[in-house]
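Given the coordinates of chain A, work out where chain B should sit on it, guided by the hints.
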Amino acid sequence: MSQYWIVAAILLPILGGALTPVLPFRSRRGMLIYLEVLTIATSAIVLTALSRGTTETLHLVYFVRGLSISFRIDGLAMLFGGLVSILWPFAMLYSFEYMEHEGHEKIFFMFYSMTYGVTLGVAFASDMLSMYLFYELLTLVTVPLILHTLVREAILAVRQYLYMSLGGAAFALIAIVFLMVYGDTMEFTLGGVLNPAVIGGETNRLLFVYLLAFFGFGVKAAIFPMSAWLPQAGVAPTPVTALLHAVAVVKAGVFAILRLTYYSFGAEFLKGTWVQPIVMGFAMFTIVYGCSRAVKEQHIKRRLAYSTVSNLSYIILGASMMTPAGMVGAMAHMVCHAFMKIGSFLCAGAIMHQTDKKYIYELNGFGRKMPVVFGCFTVSALGLMGVPGLAGFISKWNLAKAAVESENVMAYFGIGCLLISALLTAIYMMSIVIRAFFPGRDFDGRSTEGVRDPGWKMCFPLLCFAAAVIAIGLCSDPLICFLQDIAAGIY
Amino acid sequence: MNFNIWLILAVFLPIACGVLILFFPGLKKRNLLLGVSFLSLAVSMLCALAVIAEGKAELHLLQFGGSLEVYFHVDPLGRVFAAVITVVWLMADIFSCEYMKHEKEEKRYFGFYVLVYGVLMALCFSGNLVTYYMFYEMMTLTTLPLIMHNKSREAIMAGLKYLFYSLCGAYLVLFGIYFLNRYAGTLDFTAGGSGLEAAGGHSALMLVVVFLMILGFGVKAGMFPMHAWLPTAHPVAPAPASAVLSGLVVKMGVLGIVRVIFYVVGPEVIRGTWVQTAWLTLTLITVFMGSMLAYREKVMKKRLAYSTVSQISYILFGLALLNPEAMTGSLLHVVFHACVKSCLFLSAGAVIYKTGKTRVDELTGIGKEMPVTIWCYTFASLALVGIPPASGFISKWYLAGGSLESGIPVFSWLGPVVLLVSALLTAGYLLPITIRGFLPGADYDYEGLQKKEPSGVMVIPLLILAGLSVLLGTFPNPLIHYLNEIIGTLF
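As they're listed, the protein sequences go chains A and B. With the numbering used here applied, the first sequence corresponds to residues 1 to 491, in that order. With the numbering used here applied, the second sequence corresponds to residues 1 to 491, in that order.
Chain B extracted, bound-state conformation:
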């Protein structure tokens, strides 16, 4: 059976449906709109699942000039990313059905929401760097309307900031692609990379180029010094959009770096060079700084966004160590963080939807009002902090282990220290909401307490994501086994 047709459908069906939803003048009725968007998303997801399950499709779609080619190739790494995206995307979509009631212009929201899914699938299944770059730019442009959704001045300025930062990163990447096109032999992703043998005497130049590409993809991943857009842009979007932006879209920066370092260039090229040192330094700075800023932040969604900055750099730190164990930790953290962060953002959204409260200090007693939501929030938080047996523990264990094993001077012990301090800070900025939410203190007005639990449409995605956050950590072995297989091909 030919799976290429499913691949095309998984990528282009949501894009086509999204465009149709945007431009089709019908769909005035809310239920119809929800039905159409859910149905098109569901069908696309089934196609994507077919591709993921089979895992072998390969497709040369279009040659648009010389070596420039749109080429899809499903490989194990892409399957992991695609599976995570599919699950979380579906959850956030269900959540949106209720949440978006209090925002206007739902048609535009759902149109772009469906469209972006296709773009992300294309990124996961890209077979070469040009295709990846093409859809990477498309992702920037199509997520922009989600960020600017409420059209307030703040949102538009945040959108512009997002756009310009992202493009800046994309152009750094493009600069690298120009050079790799000549010196890497091929831009197709091959496990382990080419080692840049063709570069010959240009190794100094190549290091600069690779570093610029890391910085460029690092923009999307919120890596210091180009992280500033993230805490501005993610919180202004509607909550389900923030959830997928923070949980999934940032991961495309991570995937980009993995593709460049491990699938095109080859990890040996930068091992032990100044590039690795600089990259490790930047990630550790980001881990620490993100947590500190989150700790200081009073607006809940912004706090979560800063937390994303910090957590994504955990992943990047693991990649920068360039050893198999740390990389296992990184890829695990990709999966876990996607579930956890989207769960956190969705519960923040549920709180906003029901109470309108956005600041952390207003949330005293929130656990009494919305117990299920805050329980989900709590479990996800614990997973992020890294309390065993919840998921974060496993990934951090591997990260720390990989770091100690790597034998890189200073970083091998500094890394785990920073990770631990950051984990402490994570507990410090996430758990007070739970504590004050459930234990509001003696002077809390128990008489005026109203149950504000949101409806099942919002609670069920929360429950599922919180459940995944915990259970994936309790039973991680199949996943770890699969990831180890992938990583085995890279080193």
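If we strip away everything but chain A, and leave its shape as in the complex, we get:
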């Protein structure tokens, strides 16, 4: 039964969102209530369906025999779908206040809602083909959101985003074809679907195909050579950067890589082969590369975007260990990073919304004037650094634990990369915090006159995310146990 609810949850925001521009709202307020109700209803449906839980597959449409659009609730889907459905209502609430002065609200909210449905589609797709379909849709439906301001920069960013994403997806398609031939089934199965009898001596060819698909999906996950689009896409309004470019879209890329690695090719097939060092090497390089670029960057949103580049590769590093523990670490960071990064992005957005300041050197002395925003920002910053007691420490702990347990020397160096990255994170995040709270002796109050915290619609999500970062940090057992069950195939 639950799988029908999932279909409803996917379609509801897509249809409801599409109707936004044509419905006759009497006032802005009416539209906002409609949107928030729509989002909360969707989330409620998703969470109810998840709590009921079922492993049955629903085949919605058959193209030809064996190829269908189908949905199923399994562990990884529960994780990603649940995560997205918790975050979306908060981000929606935030965007009501943020978008007040941005114009073209109806179009924005239309696509913003639709993206929700499509992301859920990616999460709950039960085979490679269905996921691929929603994955492509996700690329297309987010284009108008990046394009929103219609400035030249936005157009260039969108062009880059489209070319790279579609190109990447094409590579992924190759893998789907090979999986059809060499696999027992298209359906995601923990441990992989490849049929050893069919593979015969063609292991290397399949490994190469895996590599192609890895980098194909890696575009959205912003692995090094394909990471350039993410900072560029920061021209989008902040609710988009925060939710899509820190969680939904980029994590869809990571999610696809996890599906590809653990549910299609299978970790056992890949572990110890020549692709593992390549994959891990790229992840390690991206971790350090993203952080170094973030340190250099002065534009606050672009700095956070580079930080995302780096953090996404933490997840991929975990995935590339090809062990259940590595998968736990990867999923843990998927959750923890989501809360920390969306929190810090929303803070950056609040600053831009209240003051129009975009560069870090303009933020002197803001801490005293916007205590809620900078308080929450500090929590996210410390979390990203991995201070114990906050979420980031937990996920890094699990990643490192997996690396140590894997007894793979390269993974040891991976831990080194994590820690170098943590140090660089401290540099690029704490320099903002310290500037805001300790503006220096020659600072006069004039530049911060009239600056204050935004209204409750923006502050409330910030506080919730900061609280979540602390809560996960202090009590991670339920989460980690759940993730371990997923990696063990219990869900």
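There is no bait here: all hints are sound.
Chain A regions said to be covered by chain B (calculated; three or more residues, Cβ under 8 Å): (1) 380-391; (2) 400-409; (3) 421-432; (4) 475-484.
Source of the hints: derived by calculation from the structure; they are not laboratory data. Just so it is clear, CB atoms sit at the ideal spot from N, CA and C, and this is done for glycine as well.
Below, chain B without anything else, positioned relative to chain A:
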């Protein structure tokens, strides 16, 4: 009677009070602020003393994920450190009451001052490495505002330098914790350590890991090559803060190393390996280099900071020898150096407060103006140089004796030589202030001499600390006896 409640109070009462002082908008009146901060500190100290006196409390506070646990356990070593911290912290607090008059934003200063006391107590009473690491990071973050207190550009840059060096060290430690978590059996502190029997065939890896942890904690302890932050950061803080930073906070690096080597890993693991050789080399380099740099330095507080670099490495040298006698010397030096260095920094603070003079060459005739302060300074200096019967003599005696007894080639005789040369240099950089202060020469303007002795609030802490510096050396037997008991359990 259950002493756990006192333990909780000793750690969390100052933290809570500190936060309250920081955020409570009242406390505008100076006297009220001083009263509240002194009272909360005094009550916390009484709780701490109750714990120290009983010495048996044990508390599993919070399990925040898997093997990660906040666990407090009072053991003899923690009692020694906690007792020293409590005494010196109280003295510096009394001193601050007067000294901080000439600095602004006292509320922030006292708030963090009270808070850091709780963090240090937590470090002393930590029962496992994770708890230690957690509060270690917290200590870095909460001492940062003390360093950046005056908000000058110099102070902020020094603060950042401190932060990044410290985090670099902390992450090296964390790297080690990841591995010890798997190979050490337990991260709980048990006297003598586990000997890493679980590590099996990974002994080469384990040595690297242990060395990195020594380096990591060595950052806080100002060990070469990561000492550069210390002479920058300690002097820019207000004098009482420099006193506790230099006298106590650096010791937490020492405690960390003791905990890792003697309570988790076990000294036998590194005895006779390249780790011990490298560690001995680094400490001797630091001892010599710190003294030389102090000798060359003209700014008084910087000179004292370089002296700290050198003196802490005395302690580390004693630890690195891995024999009971040298370790007695080390732990004695922990106690003595805390009293001496805080006394020196406080007298430098008294001079700055009364005359505004910071450079050594301006201090001609200072002994005539402030005789009591400079007498205290002189006694503390003599203790640090190691003139019997003042305290430094005893600790150096044990260090040298332990070194000669250790039978390690080269180091067994090189160590005492370096210690002696460094003691000579110590006399060379500390005593000229006394000599020129009391004997300013014939051309000194005796007519214009003004008595500038500070008030009792500043002088009494100086007298007490100077008295302790001398008397602890004259009557060291109870302390030595107690330390020997501790050390007896470690080897």
